[in-house]
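K.L.:
Starting from the given sequences, assemble the full structure and let the hints guide the process.
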Amino acid sequence: MRVSEKIIEGLLWLSAVITILITIGIIWVLLSESISFFQVVSLSEFLTEKEWTPLFADKKFGIMPLVAGTLLTTAVAIAVALPIGLTIAIYLNEYAHARMKQIVKPLLEVLATIPTVVYGFFALTVVTPFLQQFIPGMAGFNALSAGIVMGIMIIPMISSLSEDAISAVPRSLREAAYGMGSTRLQTSFGVMVPAASSGIVVSVILAISRAVGETMIVAIAAGQQPRLTLNPLVPIETITTYIVQVSMGDVPRDSLEYKTIFAAGITLFVFTFALNNLSFWIKKKYQEKYD
Amino acid sequence: MTNSEKNRLKDKAFQVFGIFCTFIGLVVLAIFLFDIVIEGVKRIDWDFLTSLPSRRASRAGILTAWVGTLWILVLTTLIAFPLGVAAGVYLEEYGKKNRLSSFLEINIANLAGVPSIIYGLLGLEIFVRQMRLGGSLLAGALTLSLLILPIIIVTTREAIKSVPRSIRDGSFALGASKWQTVWFQVLPASFGGILTGIILALSRAVGEAAPLIVIGALAYVPFTPSSPMDEFTVLPIQIFNWTSRPQEAFLNNAAAAIIVLLIITFMLNGIAVYLRNRQQRKIKW
Amino acid sequence: MSKKDIKLEAQALNAYYGDFHALKNINIAMEEKNVTAFIGPSGCGKSTFLRTFNRMNDYIDGFRVEGQILLDGNNIYQKDVQVDELRKQVGMVFQKPNPFPKSIFENVVYGLKIQGIKNKAVLAEAAEKSLRQAALWDEVKDNLNKSALALSGGQQQRLCIARALAISPTVLLMDEPASALDPISTAKIEELIYELKNHYTIVIVTHNMQQAGRVSDQTAFFYMGELVEYAKTKTMFTSPKDNRTQNYITGRFG
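Residue numbers (my numbering), protein chains in the order written: chain A, 1 to 291; chain B, 1001 to 1285; chain C, 2001 to 2254.
Hints are supplied without guarantee of correctness; some may be wrong.
Once the Cα atoms are required to be at most 27 Å apart in a straight line, the calculated BS3-like pairs of lysine-lysine come out as [to be verified]:
#1 B/Lys1006 <-> C/Lys2088
#2 A/Lys6 <-> B/Lys1178
#3 A/Lys283 <-> B/Lys1097
#4 C/Lys2024 <-> C/Lys2079
#5 C/Lys2079 <-> B/Lys1006
#6 C/Lys2033 <-> C/Lys2096
#7 B/Lys1096 <-> A/Lys6
#8 C/Lys2113 <-> B/Lys1012
#9 B/Lys1006 <-> C/Lys2102
Example chain B residues on the side facing chain C (calculated, C-beta under 10 Å, incomplete) [as the list claims (entries may be wrong)]:
#10 Thr1002
#11 Asn1003
#12 Ser1004
#13 Glu1005
#14 Lys1006
#15 Asn1007
#16 Arg1008
#17 Asp1011
Covered by chain B, according to a simulated footprint, are these stretches of chain C (three or more residues, beta-carbon under 8 Å) [as the list claims (entries may be wrong)]:
#18 2075-2086
#19 2111-2124
Calculated from the structure, these hints are not laboratory results. Remember, it's a predicted structure, so these values are computed and weren't measured experimentally. A virtual CB, placed ideally from N, CA and C, is assigned to each residue, including glycine.
P.N.:
Here it is, written out as structure tokens:
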């Protein structure tokens, strides 16, 4: 082989290997900064303390309020996106005509292309004032509006991944169900959805992972008050919002406050990493089911 | 009512619910867009596009923001395009089916699922601090490049995969080397698909605010950047900044800036969809 | 023909996939408790025709039918006909065994459950009855809760037959039911068809000439969307009237 071919292959290889360096970089950055954080704050305080006030004079470093805020907005988002997204997937698969499917699917994808800062604006200026008409005690910043809007953003993710899973179910199963006189609804929920369940679960896990890492919607609309609560009507703070909040301010490097964002970051990374790999594992385990 | 009648009724009811769900997202989207246009369109004029930011809402403009977005777009393309395509080519054409390549695959899938704000932390430590680039355009573009790299790699691979074996065989049979085959046959044949993927990735990058906030992009920049080492802001950050102010007038500014941002995003997506359709029509293997 | 009643009848039936004319003016009448075989080369329309009897083609985009299909004298393509009711009368067995990814028992009683029958004793009784009819009972009676996917191909296909029988249809449509099976399983299915015709009107699509000869009373030969010849199986196989039938039966094409 000529030398130039070797060099080119080497360069291409390098580009591919950079992706591994990115992963190593992420883990190294998160670990090295949080290790020096955990030399000051014990891991048990981090995990069990019920308050998060690193920017106050009376500093407390319990991650739980941020985790609770993150899970709360995520739960609201999934509660919106799962029923709607799954229904859309079933509807497009069993009920809608091919033409309608062709038109609706790209339109739904538009929902996923809108920048999240725009969704944040909607949540704050449209959804919250609208909901406040019905829920008098609702605060201007709250997990509910942010979660609902995030749910709308995630709908196309669940609907398109679930639809792929449902349409991958062999046609013969669907025909068997119809052949016995099932209605479309009975075919969907009795046969198709159970047969596609692993794919649907994967879509939901990826949606959860997406919601956990979402930043701008919650930073704009959910508030900046770390609070250990399940009440979706009051201001809370998510892990991601906290990182933004500190980044916006002027926190000196090597201060403990600066390191908190890496401790928060590694918590977030652990969550999403676990969720993503769980979804890969499920996908791999069940992929060959019908071959 | 017989059981069959009940079943049919439920079936119909679900059909109605299905239509409702399918359109609720779109209706909400329409309401949002309508609201934005109502609030923002009266603020959009030449002055708004060519004015620097200001403490007074009525005098503030988005000049620095959209110029910053444009800079970021160009720099990110220059960095991420060659890197992502090269990695995609390696994985699809050169990589052997061994442990390394399956590890690379899992790794890329994982990177695609890492929240954007984590990339911000990576950029903050590596580019801003270690490489001493500060909160510059270059640091921002490098950070966003890493963020969209997985998207570009995945779409490049799909595009290359759709080039049939016979093209490669034909090229090899004429005595072409591996790289010649890739450069003269495979890449031109898959270029439309690759381009589509890159544009979609860029439209994602244009809307990102979180990682850039973390690396220290500022909300208030009183000048337009003139080199990659300058400090900068981008449209999403400007929108975020205006949205978090209590005065109504700034919300109108935010809405106006959103219109501009959405036009850019939709245009990029439109081009991508157009390219994809044209590609699908042009080539029938 | 004989004095038996006409169970199924097609009158001036035309079918289209978009612009493609798949079935051309088909007229045929099939007697009760008889086995009719549809034969013909691939793409001749025999499966399409079979699927008009339980309207399985309804969900295909661009498919439409002209003419009538009569079941017990009633046109099943009439507007007020409920497709799910129709399919409870006209059961179907498919080319490849397609058990649901559930237990054997759940598969057999699926049709009853979707009709709203919940009584366990009724379901158990129906399951045993149809599994016995499908000659599968002795092989699975101790493992009713095992996954249906763990059965062999031949057993799966008999399970699918049992599943179809459980809702007590009067007609059984079989679309090449043995084409994916080994010879021993095929023989079992054929024996079964011979038993079942005492209770059901059976229409079977097959590629296999010998099979048509073994199991059917009447045979219909299709070619390019037309019904070329329809006669007693014995007659057709010994003295076909049409040249095309002759050529197909003797293996000159197809």
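K.L.:
For every hint, state whether the structure bears it out.
P.N.:
Hint check:
no.	hint	result
1	B/Lys1006 <-> C/Lys2088	holds, 16 Å
2	A/Lys6 <-> B/Lys1178	holds, 10 Å
3	A/Lys283 <-> B/Lys1097	holds, 20 Å
4	C/Lys2024 <-> C/Lys2079	holds, 22 Å
5	C/Lys2079 <-> B/Lys1006	holds, 19 Å
6	C/Lys2033 <-> C/Lys2096	holds, 25 Å
7	B/Lys1096 <-> A/Lys6	holds, 15 Å
8	C/Lys2113 <-> B/Lys1012	holds, 19 Å
9	B/Lys1006 <-> C/Lys2102	holds, 25 Å
10	Thr1002	holds, 9 Å
11	Asn1003	holds, 4 Å
12	Ser1004	holds, 6 Å
13	Glu1005	holds, 9 Å
14	Lys1006	holds, 7 Å
15	Asn1007	holds, 7 Å
16	Arg1008	holds, 7 Å
17	Asp1011	holds, 9 Å
18	2075-2086	holds (count 3)
19	2111-2124	holds (count 3)
Going through the hint list in order, the structure satisfies each hint without exception.
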